[in-house]
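Could you build the full structure based on these sequences and the hints that come with them?
So for the sequence shown, the numbering used here puts the first residue at 1; every next one is plus one.
Derived from the structure by calculation, the hints contain no laboratory data.
Below are the DSSO-like pairs computed for lysine-lysine, each with C-alpha atoms no more than 27 Å apart in a straight line:
1. Lys116 to Lys134
2. Lys54 to Lys80
3. Lys55 to Lys41
4. Lys257 to Lys397
5. Lys226 to Lys252
6. Lys134 to Lys41
7. Lys24 to Lys41
8. Lys55 to Lys80
9. Lys80 to Lys197
10. Lys116 to Lys196
11. Lys54 to Lys24
12. Lys305 to Lys257
13. Lys361 to Lys257
14. Lys116 to Lys164
15. Lys54 to Lys28
16. Lys252 to Lys305
17. Lys54 to Lys31
18. Lys55 to Lys31
19. Lys73 to Lys197
20. Lys116 to Lys41
Quantities reported herein were computed from a predicted structural model and do not represent experimental measurements.
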Amino acid sequence: MSDEMIASVLVTGSSRGIGLELVKTFLKRSKPPQHVFATCKNPTGAQELIDLDKKHSNLHIIQLDTTNQESVKAAYNEVKEILNGRGLTMVINNAGINCGLSLEMPSYEQMMMSYKTNTVGPLIVTEEFIPLLKQATQEGPKDKMCCSKASVINITSELGSLSKIPNVFLSFPAIPYSCSKAALNMLTRLQAETYKKDGILFVAIHPGWVQTDMGGPQELKKFSEKHENVIVIRLDSTDSASINATVKQVEKHLNGKNLDLLINNAGVLNPQSLETQTAEDMLQVYNINVVGPMLVTQAFHHLLKRYGEESNAKSAIIHISSLLGSIEGVPKMFSSFPVISYRCSKAALNMLACCHAVGYKQDGIISLAIHPGWVRTDMGGSQALLSKEESVGEIMKIISSLNETQSGTFVDYKGIHTPW
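Right under this line is the structure:
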């Protein structure tokens, strides 16, 4: 596709991620489109688009909610007026959502929301703009279908591939997302057949696993770009296949060396009380807060053990627990924090830490549970007493002076022994 081919392009979901990058790329071309229509739900909050708009007269920011028929119609009328009798060369249906990863069956709401946004949205956007696309076919090359004539690109995903799902599902169990993208792939094929006679090209493109809000944690990825010794690896601590894959990646990066410290930090808090707690919630929290650390530790045990054997030093396992897991502390704190599943899971995690201390003693492995304090995180809330920096700073002091006398203990972030 040469620079002079695209006369006008409309991109949905362009306030961030892939959509924003597409807009930037079109604008940076040596011969950019005469009109770049960047659409999003909330233009007033799209600061990067607003900044770009000040520099590029061919950029038009348009409000468009792809799941709202009236919003789509209004966007069409605005685009039509700007084009002033010309057709629209390209539509890129990029807007989409991912409800998250889970091996559990999704809810009705999750399934319908994903389908509405990822499949129905591209359908109604394309159908609304078909008149302008048909008009563009009369203005472009006459001999074949191509991007410079008229085209619709649906941004899909490898997770929508029926043939690939057996290989990727355990690593990316996004059921609503996968189903909606498979449906989008079918929609693309049907649109291609329907509008072939009109000379409109339709194609579905998997953009790859991209560093976006949907693709993964941005702050961690940006941090790793500045520090070559920080390696970001995907791990679902409750899934054996994911854990085994992570071990292989870690071994590859260690390149024959061993692991001297494992910190089991992943955990969840379910706010249910005695009156509202369900068996499903109890089991889910236990699975993540207790079974997960057990599986991860099992998988990395050989690397921790070999470290002690080859270096004559101690390796260590740190389980991030909580004061709410202290059985002795229940009478004082229960009324303030009646979180049943979380409390029970952390008490069980403390037991696991003790079992590791005894069971792995002969391997030269230290194991202890640490209460990090009440920290201002998504779990701790904004009213918590400690910043992340304060908590981690104190925990690092404990780590730097670890010895076998601390194995099998439960301490707070200052190293003070906490009652079981």
